[in-house]
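Going left to right, the sequence shown walks through residues -11 to 232 as our numbering numbers them.
Honestly, I wouldn't trust all of these hints.
What the hints assert, rightly or not - Keeping only pairs whose Cα atoms sit at most 27 Å apart, straight-line, the calculated DSSO-like set for lysine-lysine is:
1) K208 - K229
2) K132 - K217
3) K54 - K180
4) K54 - K(-5)
5) K186 - K33
6) K186 - K70
7) K86 - K33
8) K89 - K33
9) K16 - K54
10) K157 - K54
11) K54 - K70
12) K54 - K132
13) K16 - K70
To be verified - FRET-style restraints, in silico, Cβ to Cβ:
14) I164 - G36: 45 to 51 Å
15) S42 - N6: 32 to 38 Å
16) A46 - T201: 33 to 39 Å
17) N90 - Y162: 20 to 26 Å
Rather than coming from a laboratory, the hints here were simulated on the basis of the structure.
Since we're looking at a predicted model, the values are computed, not measured.
Just so it is clear, CB atoms sit at the ideal spot from N, CA and C, and this is done for glycine as well.
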Amino acid sequence: MIEPINKKLELNQEIIANLEELSQTLFKRWFVDFEFPDENGNPYKSNGGEMVDSELGAIPKGWNVKNLDDIANYMNGLAMQKFKPTDNQNSLPVVKIKELKNGSTDENSNRCTSEIPEKALIVDGDIIFSWSATLLVKMWCGGKAGLNQHLFKVSSDNYPKWFYYYWTKRYIDYFIGIANDKATTMGHINRKHLSHAKILIPNDQTLERFSRTFDDLLEKELSVSKESKRLTELRDTLLPKLMS
-11 MIEPINKKLE LNQEIIANLE ELSQTLFKRW FVDFEFPDEN GNPYKSNGGE
39 MVDSELGAIP KGWNVKNLDD IANYMNGLAM QKFKPTDNQN SLPVVKIKEL
89 KNGSTDENSN RCTSEIPEKA LIVDGDIIFS WSATLLVKMW CGGKAGLNQH
139 LFKVSSDNYP KWFYYYWTKR YIDYFIGIAN DKATTMGHIN RKHLSHAKIL
189 IPNDQTLERF SRTFDDLLEK ELSVSKESKR LTELRDTLLP KLMS
């Protein structure tokens, strides 16, 4: 019973990796190379799409240059040791950098009261950005939890999830370089670095067209990740029974 589950988990890992690679390849082709499909389905730039000057060089006409923190809110988590549950309180696991790297919580994860402020509550599909020590950005699929300090919950009222997620991922190596230069302290970035990170915003019609592709890729990744979480829980439940 365990072997088929393990094989499915391995397959799901490959699917997720392929989806992530495809999304990053498409993002670069459309937002860096400007070879997104034009109205006729042809690559925009190489087929004579109109370009205009900007502070980042030539960009498609109708696009705008903004800062990373113009398109999303980067809300810091809380010091969860201040929200320890009492004996009679419902509790949630706490997501620190370790949990974000692993993509899940476990029995060794800290706990916090379930009555934490809404801004520090995370659920499947939320975009989480670790900005200190180990810098990474991931879509969380480990269930409802409390977000610790040194991690941002990234969200937006104006732009789709894929847009601010992929732009943040686009800058992660740049942010890691900044953090590594802080040799005398724990490597990190701060909010001014978000303001210095320049991004491109297409016109509304193009952004909506892009969303049809990127929303689908992100939804597939989330769906497969949730399935893997369920399978992992099933496997971990079955193992002790099979060994007894």
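These are the hints, each one checked on the structure:
The straight-line distance between the Cα atoms of K208 and K229 is roughly 32 Å, outside the 27 Å bound, and the hint therefore fails. Under the criterion of a C-alpha separation no larger than 27 Å, the hint pairing K132 with K217 is consistent with the structure, at around 13 Å. Our distance criterion of 27 Å between C-alpha atoms is met by K54 and K180, whose separation comes to about 14 Å. Between K54 and K(-5), the direct Cα distance comes to roughly 44 Å. Violation of the 27 Å bound is thereby established for this hinted pair.
Under the criterion of a C-alpha separation no larger than 27 Å, the hint pairing K186 with K33 is consistent with the structure, at around 21 Å. Annotation: proposed proximity of K186 to K70 is violated, straight-line Cα distance about 36 Å (limit 27 Å). As the CA atoms of K86 and K33 are separated by approximately 42 Å, the hinted pair breaks the 27 Å bound. A hinted pair counts as satisfied when its Cα atoms are at most 27 Å apart, and K89 with K33 does not qualify at roughly 38 Å.
For the given pair, K16 sits about 17 Å from K54 by alpha-carbon distance, which is consistent with the 27 Å threshold. Of the pairs offered as hints, the one joining K157 and K54 holds, with about 16 Å between alpha carbons and a cut-off of 27 Å not exceeded. Straight-line distance between C-alpha atoms of K54 and K70 comes to about 36 Å, which puts the hinted pair past the 27 Å bound. For the hint pairing K54 with K132, the CA-to-CA distance comes to about 32 Å; that exceeds 27 Å, so the pair is violated.
At most 27 Å may separate the alpha-carbon atoms for a hinted pair to count; K16 and K70 exceed this at roughly 42 Å. Distance hint check: the CB atoms of I164 and G36 are about 37 Å apart, inconsistent with the given range 45 to 51 Å. For the pair S42 and N6, the supplied restraint of 32 to 38 Å holds, since their beta-carbon distance comes to about 33 Å. Judged by the Cβ atoms, the range 33 to 39 Å given for A46 and T201 is violated: they are separated by roughly 24 Å.
At about 25 Å, the CB distance of N90 to Y162 agrees with the hint of 20 to 26 Å.
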